[in-house]
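Each chain, letter by letter, is given below.
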Amino acid sequence: MLVLMARNLWRHPLRNGLTLAGIAVAMGVMVCIVSFGDGYRQALRGELDRAGVQMMLVPLGCPYDAAVRVLKNQTLENSLPASALVAVRRDPAVAVAAPLLMAALPRQNDRRTDLWVGLDDTALQLKPWWQVRAGQAWFNHAHDVILGSDAAALEMRVPGDKLYSPEIKQEFRVASVLNRSGTSDDSVFFVSLATAQQMFAQSNRLTAIAVRLKDPTLQREAATRLQRIPGAQVVTMTEMMGTFLNLLGAVRTLVLAVASIAMMVSALTVLNTLLAAVLERANEFAMMRAIGASRAQVFGLLLGESMALTCCGGVAGAGLALVAGSPIEALAKDWVPLTPGGSLLSISPSTVLPCFLLILGVGALAAVYPAWRAARLPPALVTKLG
Amino acid sequence: MRLGFRLLVLVLALAAFAAIPWRKASHRELPPRAHTWAAEVSPVCPWREPKPDLLALFPTATNYVTETCVLSSVTSELRKRLGRQMNSDENPLRIYRVRKEGQCVGSILVTRVKAEHGGVEIVTGIEPGGAVHGVLIQSQREPEPIAEVIASAAFRAAFVGKGAAAPFRLGDDLPEVPAVARPSAQSIADGVHSQLIVLSFAEVLLANADPGLQHAR
Chain Z
1 MLVLMARNLW
11 RHPLRNGLTL
21 AGIAVAMGVM
31 VCIVSFGDGY
41 RQALRGELDR
51 AGVQMMLVPL
61 GCPYDAAVRV
71 LKNQTLENSL
81 PASALVAVRR
91 DPAVAVAAPL
101 LMAALPRQND
111 RRTDLWVGLD
121 DTALQLKPWW
131 QVRAGQAWFN
141 HAHDVILGSD
151 AAALEMRVPG
161 DKLYSPEIKQ
171 EFRVASVLNR
181 SGTSDDSVFF
191 VSLATAQQMF
201 AQSNRLTAIA
211 VRLKDPTLQR
221 EAATRLQRIP
231 GAQVVTMTEM
241 MGTFLNLLGA
251 VRTLVLAVAS
261 IAMMVSALTV
271 LNTLLAAVLE
281 RANEFAMMRA
291 IGASRAQVFG
301 LLLGESMALT
311 CCGGVAGAGL
321 ALVAGSPIEA
331 LAKDWVPLTP
341 GGSLLSISPS
351 TVLPCFLLIL
361 GVGALAAVYP
371 AWRAARLPPA
381 LVTKLG
Chain P
1 MRLGFRLLVL
11 VLALAAFAAI
21 PWRKASHREL
31 PPRAHTWAAE
41 VSPVCPWREP
51 KPDLLALFPT
61 ATNYVTETCV
71 LSSVTSELRK
81 RLGRQMNSDE
91 NPLRIYRVRK
101 EGQCVGSILV
111 TRVKAEHGGV
121 EIVTGIEPGG
131 AVHGVLIQSQ
141 REPEPIAEVI
151 ASAAFRAAFV
161 GKGAAAPFRL
171 GDDLPEVPAV
181 ARPSAQSIAD
191 GVHSQLIVLS
201 FAEVLLANAD
211 PGLQHAR
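From first to last, the protein sequence lines are chains Z and P. Letter by letter, the first sequence follows residues 1 to 386 of my numbering. Letter by letter, the second sequence follows residues 1 to 217 of my numbering.
In case anyone wonders, no lab produced these hints; they're calculated from the structure. Treat each hint with caution, since some may be false.
What the hints assert, rightly or not - DSS-like mimics (lysine-lysine), calculated; alpha carbons at most 30 Å apart, straight line: (1) Z/Lys-169 with P/Lys-114; (2) P/Lys-80 with P/Lys-114; (3) P/Lys-114 with Z/Lys-162; (4) P/Lys-114 with P/Lys-51.
To be verified - Covered by chain P, according to a simulated footprint, are these stretches of chain Z (three or more residues, beta-carbon under 8 Å): (5) 104-118; (6) 145-157; (7) 160-169.
None of these values were measured; they are calculated from a predicted model. The beta-carbon is built from N, C-alpha and C at its ideal position, and this holds for glycine as well.
Sequences are here, hints too, so could you generate the full structure?
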């Protein structure tokens with residue numbers, strides 16, 4: 001039976017090859033979408049976990065835009081008064097409140113931007129990845145700078161070296177270089193909060209306050225209290241993650257709809273291929289019936305051919321997803337908000353298997369009508385068709 | 001039966017193709033890094049503004065093509081000649097071949113050197129014979145008194161015509177500069193010198209790989 005199936009499929013290599021390609025593309029798209037969704041969720045959760053904060057106090061404006069900018073070490077147009085930090089630290093639910101002042105200094109001639117972040121030592125409690133690779137653990141002097149690993153590599157600095165900022169005309173001494181963290185901190189120049197406030201003429205101003213609570217279950221009450229601080233608004237990481245996942249969910253639904261259409265088209269292609277085969281091989285099926293094959297056997301033959309076709313297409317589609325996954329991921333990263341670092345494509349057996357079963361189901365469904373037609377061919381037809 | 005066997009082989013091959021590069025991207029972790037005092041390896045220096053640099057160095061050029069030369073086979077000789085390890089700009093070496101109406105009129109190399117206050121990125125135009133045609137500073141973060149010296153036309157012009165055999169020493173074959181700018185200026189001179197040395201090795205390798213290439217240029 002298997003040999004018969006294989007021989008029948010081999011009879012029209014072009015037609016069956018095109019059908020197989022259609023199935024492979026549909027399978028590949030489906031695997032990529034499912035894997036991207038899973039990968040994004042895991043990566044976003046990891047990024048927010050690594051951020052070590054439960055909420056963030058940002059200046060008035062779009063809170064999510066502000067929170068994303070802070071997480072990505074980008075500057076905000078507004079700032080918070082330093083008095084907000086006192087109020088936050090006074091809140092009984094707050095375990096750690098870390099003030100941050102960020103500034104991006106564009107270097108027009110060099111087509112680059114230097115990212116400067118001012119922080120105090122409380123920030124270390126919220127940055128578990130903060131590991132000094134070389135040099136002293138913290139700022140000893142006002143002109144000390146700690147470099148992220150990429151920033152140090154780009155400027156070829158080691159502890160003790162000088163570093164000059166032409167834009168603000170200030171010279172620093174490299175106090176230490178951090179280990180690579182895989183976060184946006186890798187390309188940052190860190191200075192003490194007071195130095196940053198003086199550098200950027202932002203005396204008593206802050207870009208954001210990152211907050212960790214003593215008990216995460218107190219989040220709602222704490223957020224309500226902190227929301228009352230003038231000029232500030234609270235964004236919880238849970239809200240932020242929910243918002244981004246909702247946004248991603250909407251995009252994913254849309255793309256899944258497109259993938260479903262691709263899946264339907266591939267099902268119709270299988271149906272068309274098998275129907276053509278039934279019409280071409282009517283005589284053969286009638287002959288099979290005449291020499292004793294049951295209807296179930298004829299039905300099974302067509303169903304088997306369809307399953308073999310979709311099975312090969314599914315395997316090829318999985319391979320296609322592995323090969324084309326990275327370029328698709330690179331494209332998708334451009335649309336998605338707050339793209340976490342690292343790979344977002346999580347292709348694993350748990351993502352491939354459901355897609356594979358789905359494509360097999362589609363293949364089986366598409367085979368039902370042609371197989372039914374083949375099974376219904378009367379044995380007497382063989383005398384008519386000769 | 002043979003057909004069935006062939007189909008089975010095809011399916012197995014497809015399955016193997018899909019399984020070999022199986023990735024678990026979500027569980028990928030950064031490898032632990034050794035705690036050393038060595039400087040982080042500097043990333044490859046990009047050529048930030050090819051069009052204006054090309055016009056500044058080779059005004060008659062019509063275009064350029066990028067050629068890559070892997071120098072791994074001559075690493076030990078190059079290390080001896082440079083007196084240091086090779087960096088990421090040097091192996092593989094990216095050579096921008098400058099062309100005028102299809103003819104090679106020179107080459108451009110880009111590198112980053114460690115100056116006193118930060119990295120300095122140098123774009124060097126090199127004549128087909130291996131001598132310096134011109135030098136540009138594409139990025140630097142030195143204080144004004146130093147920047148004025150190293151970016152000055154006079155200092156950059158002092159490199160023109162020098163080959164890999166020149167000593168590239170300030171106050172010797174290069175003009176003396178104010179003491180404050182000396183370390184950074186010498187770094188740039190060493191950087192340009194290194195580029196010429198590395199290119200000379202690359203040219204030999206490329207010529208050996210394709211003897212007709214030299215003639216074509």
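Hints and how they fare:
1. Z/Lys-169 with P/Lys-114: Cα-Cα ~19 Å, so holds.
2. P/Lys-80 with P/Lys-114: holds (20 Å)
3. P/Lys-114 with Z/Lys-162: holds (11 Å)
4. P/Lys-114 with P/Lys-51: holds (25 Å)
5. 104-118: It holds, with 5 qualifying residues against the three required.
6. 145-157: Holds, because 8 residues of the segment 145-157 of chain Z bring their Cβ atoms closer than 8 Å to Cβ atoms of chain P.
7. 160-169: holds (count 6)
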